[in-house]
Each structure stands twice: as structure tokens, then as C-alpha cells.
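There are 2 protein chains.
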Amino acid sequence: MVTDDTLAELAKSLAHPARLRILRVLLATPGCIGGEIVEAVGLAQSTVSEHLRILKAAGIITGEIDGPRICYALSPDALAPLGAFLASLTPPAEGACCLPAGKDNRT
Amino acid sequence: MVTDDTLAELAKSLAHPARLRILRVLLATPGCIGGEIVEAVGLAQSTVSEHLRILKAAGIITGEIDGPRICYALSPDALAPLGAFLASLTPPAEGACCLPAGKDNRT
DNA sequence: ATCGCCTATCGTCGATTGACGAACAATAAG
DNA sequence: CTTATTGTTCGTCAATCGACGATAGGCGAT
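Chains as they are written, first to last, in this note's numbering: chain A, 465 to 571; chain B, 465 to 571.
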């Protein structure tokens, strides 16, 4: 069971253009890069580091130390709960919302 | 084309437990309800109204006036871009990141 | 017209976030 | 040893968010 809180944390991790951009860069980059992310998002290095930390904390990416630099990689499993939630919403709401026949069906 | 900004807005709309709860309530409720949402989330009426407004602004829900009350319904189409983005991340990253000795799965 | 119910909006407050530069730590190279 | 490179952490500041109470407006019933 995924709690609303967990889902919210996950969504919050995605709720920033810079972080989305980082994910895209990570997805598009065959190898792994460090400072290139900084250039890609166009923010200060420390700021990027902070976003990286947030993504890492959310489990969306992993950082592996490789000598002097760090190798980031996507870890999409962490997003599965969010995807499942989205999928559960996707089926179109079945019927009309309020019955035109107009009888409130309260208990 | 969905911009990072659009996606971020969408994600931000979901990035709150109260709003997720609202969506769940909306999903689970056969008819449509107004003030019941307030009870379900356990926040002040004005606060819930604010969350409703945010969800509406994001296009995730629709509000239809039905006499004295308002009929909210899910509008999951709005979340499609976000779902697509998630799906694009989900496929496992193919390559290792930068481990020379890294022997990982080959799909 | 008035009352009562339901919802939206306003104004405010505290908490959190996002951004930055600066300082610091770890590693590779010379 | 020193130096260069890379990434993290710290402190600060402005902006935004989330919550609330109070208020205003629409609608049906009386």
C-alpha cells in the first residue's frame, strides 16, 4: 500500500522543471556524467547538486562514486507507485456525476 | 510536446497528500459530492476549496455547478502527459553508467 | 424577503522551497 | 608535498505554499 504521503513525496520530487530536465538528461545520456548536468540545466552547480540530492533521496536516481566524480543513473522502480496511481485514475469516470433525476442519494 | 514546465505543474498538483486524497475520494465516489470532500480530508473548508481550485486549474478535475452544490469529477486526460513521461522513464536504463568492470544484465 | 446550506475568495501567518556564493572534503595527478 | 578537479554542505535571502478564519455570493426552502 502506498500512502498518499509517499505518493506526494514522489510527485514533489518531479514537481520542478530543473529536476525533470535532469531526469531527461540522465535518460538521454548513454554513459554517465557529472558536471554536464550542470550545464544542461543552466543553474549553479550547488543548486544542481541540491536537486540531485532530492532526487536521490526520493530514490529516483542513484549516485555511484566513480573516482573523483559521481555516476548518476535512473532508478525508475521508485516511480512505479506513482505510475500505478496514475493508471488507477486514468480509466474514465464511469457515469454522470450528478444524477439529473435529481434525488440525492445520501445514506 | 510537453515541456518540463508543464509536466512540473502537473506533478506539483499531485504533490500534496490532501490533493491525492481528494482524487481518491473523487475516484471512489459513484455520484458526486461537495462538502463530503471536506470531511474526507479533514481540513478546513476553505483549504479544501483551495486544493480543489488547484486541481481544477491543472485540469485534473472538473467542477460542474449543480444547483446549490458543485459536482466534481475526475478528468484523467490531463494527466496523460505525466503518465507518458513516467512511462518513458520506466524502461530500465540499458547501459551501465560508467563502470568499466561493470557487468550488468543485458536485458 | 429571509434563512440556512454550500462554496469561493480574501488576507494573513508560519513553514518550506529554490537559488546563490562561499567554504569544505575527497580524489587524481605531478 | 602541492595543485587541480569535482562534488557536497552551509548560510542567507526572496518567493511560494499550505493552512486558517472571516467574508461574500448563489440557490432552494420557508
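Calculated directly from the structure, the hints in this document are not laboratory data. Don't take every hint at face value.
[Claimed, not checked] Straight-line distance between alpha carbons at most 25 Å, and here's what the computed SDA-like set of lysine to any residue pairs gives:
id, chain 1, residue 1, chain 2, residue 2
1, B, K476, A, D469
2, B, K520, B, E503
3, A, K520, A, V466
4, A, K520, B, A548
5, A, K520, B, K476
6, A, K476, B, P532
Compare the structure with the hints numbered earlier in the document and write down the numbers of the violated ones, lowest to highest. 6
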